[in-house]
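Given these sequences and hints, build the entire structure.
By this note's numbering, the letter at position 13 of the sequence shown is numbered 18, and the numbering carries on one by one without gaps.
These are computed hints drawn from the structure, not numbers from a lab.
Calculated lysine-lysine pairs in the DSSO-like style (CA-CA distance at most 27 Å, straight line): (1) Lys174 x Lys281; (2) Lys74 x Lys127; (3) Lys182 x Lys136; (4) Lys74 x Lys246; (5) Lys182 x Lys281; (6) Lys285 x Lys174.
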Amino acid sequence: MPMAEEIIESGPSTQAAAEPEVQQDGPSEEVRTRPQIVAPSRKDTYGIVSGPVPHILDAATGLTPTLQKFRLDGKIAIVTGGARGLGFNMASALCECGVRGIAILDILQDHGDDAIALLHQKYGVAAAFYKIDVRDEDAVRDVIASVELHLGSVDIMLCSAGIADSNIKAEEYPIDKFRRLIDINLTGSFICAQAAAQSMISRGTGGSIIFIASMSGHIVNYPQQQACYNASKAAVIQLMKSLAAEWAQYNIRCNSISPGYMDTALNRVPALDAQKTIWKSRTPQERLGNVDELNNTAVFLASEASSFMTGSDLLIDGGYCCW
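The structure is reproduced here in C-alpha cells:
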C-alpha cells in the first residue's frame, strides 16, 4: 500500500405583548383589538430588529440551523488536481468549513507538498499528499486504502484533475493527444469516483462525489477550436448523471460544477490576451471568474445543505451560456 508523500496531523425567548385597544369610529361603535405583535428582542437605535436569535444557534458552532448544514465537521475529503489553481482553492474551502482531514492527489510534487503544508498551517487539519496519475487504476485504489487507514474514511471525493487542449483544428488533432485527454478527463474521473464509491458503499455511510465539468460540456467555445476538450466535459456530465442514478441507493450523491472562463494562472499569458477580450465580451458579467468563485458551490455540494440534490450540473459561468 503506498504511503502519502507526507501526512501532516491535525492538531430567552421573547414575550408577546398586546397593543392597547383602539376605539373605532362607526355606526356600531364597536371596540376592536389589534392583532398581537411579538415584541422585538433586539433593536438598534432606529428600532430595527437585527442579529441572530440566540436560542436557535448551535451551541458548538454558534451557527443557525441553516448555516450549520454547510459545515463539514468530521468529514474526510479527497481532491484530485488539488495542488494548485481551482482545485487548491476548493480544497481550502472544504478545510475552512471543518473537514477533519484532506488528501490531495496530483502529479505535481512540489505544489502538492506546499499545498498540504499550507492547509495544515492555516486550518489545522490532517493533510496528506499523494503523487499520482489518475489514469492509474491500481495506484488510485491503493491511495483510497491509504486514506482510509491514515485519515479514517472517504466522505467527499472532488474530481478536479484534468487537462485542456485549445486552438487545435479538429482535422489536425493528433489521435494520441485526443486519447490522452479523454483518458485523463473522463477515464481518470471515473476511476477516482469508482474507487471512492466502493469505499463509501463498504462503510455504508454514503458520501458526496463532485465532478468538475465545464460550460464546454454544454456549448461550443468561441473562437478557439477544442473539440476533444468539449467532448470530454460533456461526457463527464453524462457520467455524473449515470452514477447519481446508480449510487443513490447507497446514499452517495453525485453532482458536477461547470465553470466558465476563470482567471487562473494558466489563462494569464500574453498569447491569450486577444481571446480573453472575446471571452469577456460574450459573458454577460463581462469578466472572467475569480479563482475562489467555485468554492461556495463545492462546499454546498459536499455538505448536507444539498442533501436532496444528486445528478445535477451547476453552471458557474457569469452568464456565458445564456447567449
